[in-house]
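Enquirer: Residues per chain, in single letters:
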Amino acid sequence: MITITTDFSSREHYAGVLKGVIKSYGDIDVVDITNDVNPFDILHGAYILLNIIGYFPPDTIHVMVIDPGVGTSRKGVMARLERGYFVGPNNGLLTFVKHMVKEIYEIVIPSDVSKTFHGRDVFVPVAAKMALGIWPENLRPLPKESIVSLRVKEPQIVKNAIIATIIHIDSFGNVITNIPDDFVKFTPGEEIFLNYHGIHKCIFRETYGEGSEGELIMLINSENFLEISMNRGRADIFLKANKMDELVIELP
Amino acid sequence: MITITTDFSSREHYAGVLKGVIKSYGDIDVVDITNDVNPFDILHGAYILLNIIGYFPPDTIHVMVIDPGVGTSRKGVMARLERGYFVGPNNGLLTFVKHMVKEIYEIVIPSDVSKTFHGRDVFVPVAAKMALGIWPENLRPLPKESIVSLRVKEPQIVKNAIIATIIHIDSFGNVITNIPDDFVKFTPGEEIFLNYHGIHKCIFRETYGEGSEGELIMLINSENFLEISMNRGRADIFLKANKMDELVIELP
Amino acid sequence: MITITTDFSSREHYAGVLKGVIKSYGDIDVVDITNDVNPFDILHGAYILLNIIGYFPPDTIHVMVIDPGVGTSRKGVMARLERGYFVGPNNGLLTFVKHMVKEIYEIVIPSDVSKTFHGRDVFVPVAAKMALGIWPENLRPLPKESIVSLRVKEPQIVKNAIIATIIHIDSFGNVITNIPDDFVKFTPGEEIFLNYHGIHKCIFRETYGEGSEGELIMLINSENFLEISMNRGRADIFLKANKMDELVIELP
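From first to last, the protein sequence lines are chains A, B and C.
Using my numbering, read the first sequence as starting at 1 and increasing by one per residue.
Using my numbering, read the second sequence as starting at 1 and increasing by one per residue.
Using my numbering, read the third sequence as starting at 1 and increasing by one per residue.
Derived by calculation from the structure, the hints in this document are not laboratory data.
Treat the hints with caution; some may be incorrect.
Remember, identical chains collapse to one label, so a pair may be satisfied in a single copy or spanning two.
As the list claims (entries may be wrong) - Straight-line C-alpha distance at most 27 Å; calculated DSS-like pairs for lysine-lysine:
id, residue 1, residue 2
1, Lys115, Lys201
2, Lys75, Lys129
3, Lys129, Lys23
4, Lys185, Lys98
5, Lys201, Lys243
6, Lys243, Lys185
7, Lys243, Lys115
None of these values were measured; they are calculated from a predicted model.
Here chain A stands alone, though its shape is the one from the complex:
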């Protein structure tokens, strides 16, 4: 089984072409994750990969094509993870699953393919062969150190505060930090002060629907990250939030 994540836009036919190529290899199940990642938003792709692999069958092949450097010297790779496989460019998409990589291979680009659509001509053929149990002939082992990572600082405790990074803003306007649930324990109902574009009082909650409309809340989201949300509103707009910004959470 193959999943597809791209920035091709669901308005275009490019993701359809990937599926056509896969189906031309055989009766392979394909699931679209999304084709509407913002153009070139590798961070979003990295966040998606982290959050889907645990929910798909263990031999699933995740193809990701967010690839501003297509046709240049950036390498294409196939990585065997603790669970599942990754196929795509080595440009930071593996950032959050680096520790789960068991083996990594360069995908040698055949000389006769396009320089502008490796998703179709390089990555999907590798994934389709693997889904059929065929080892692609154009894989060459790489050292794990060659994995390219985005520079996202780990969350840190400095004095009485956590300094963290916004790693995603979702379509509901939820502002997701890179603070994992085991990093800090808050109690439901607790008041927490957020220092980011001003000082904001948040209430720690267990669900989105509690509290009053428009209230700023913090909760551990379904992917076990601390996120800032607004009851039936948009926290991102209220906070003027940007991905990759740092924010400070005051500890009691």
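Go by the hints and put chains B and C onto chain A.
Expert: For chains B and C alone, kept in the frame of chain A given last:
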């Protein structure tokens, strides 16, 4: 077979995760209806459910996750309909198919699941088991009276006019009322006066393409509701239409 | 196997209904190409068809429903192409694959179907039967001359310049002309002057990622058309580009 309708946004990975969980249960066919319902737009979900069940195989399981109250006291339910099954929150999504419900069950929430993503942790596991022919152990019968409905007034004839409600505005800008086709008979070419943000002359037509560009028309749409449309234009913008507004159609 | 391309919007349930109808006929594989073609944008549909047929298995049936004239005198057709089949309205969707049509049939509209949703009631039933190997009884041969085409001028060399037409603008802002790759040869690094809303210097490149950010480039895209692109920017906005406009490329 399972269908998925959510407000997760097709830009996010959440619907992909639902599909991963389903595929982890077995080789189950999944069809996305849409993942781009506006956030929390239960009315849209209810309208979709009404309009899809007749076109899917009779044992299809329709999972709908438009769920602003996730993790609060709102109940999750599985409903057996005259045709197909519904799995999702009991928050109004069953409004337009209430009369088709044969049996309804509360889905008892396992204690170890997330409070923020019941789509993944509660609803899809129930649907996947049912698709495999396994009766989920956490279903508890409910009386039919417990179905939660949105308050949409039935269309009414008052003096020489129909008072109706806008139940949907589609992406073409068509303004769809809750007047069913057997409620009133108009003749193709007939002039009808609409009283809604002013008085507007409409022509009753059988198809979108007849008449002159920019003409306001009424027709019975493919789902057998009276709708107001504009030939190659957008009726919603012209009429400043809002969902749940009442409008008045003058009878001859 | 069936592909679906429509302007129904992925926010609506209409494409889901098509899939429900197909699945009601049998276990048929369905791939969405896109349901977000701009309303009535037949040119986009025609461009998509040209660019997908080569990548799907040869017996794939491509259903396209971009159909402003539904219910009027425009005919529905099934066309057997050199590779694959087309099912949809005869309104220009076949423009770019006209030369690949081997046979074409009118789909006789059953009298009892809706006048507003032939995708559901007419086209998909034909496609589903064909996918199951059943010849639809309501096909009537047409002469090939009856194919309706959009009026897109072939690119022309006039004096020292190519006059061409913009046939597509994609979601990355790439401006795609109807100049095929064998029409003219440029050398990587060559300077080319574009005359379209002013005179612009472009560099001919082999990939999107070469050169400096914001640089206007020309390249042969993955579908073998000459396109104008901007390194990590949007050529369409910079050039104020519109589909169907003519532009002039000065030859050296």
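Enquirer: Which of the numbered hints are not met once you compare them with the structure shown?
Expert: none
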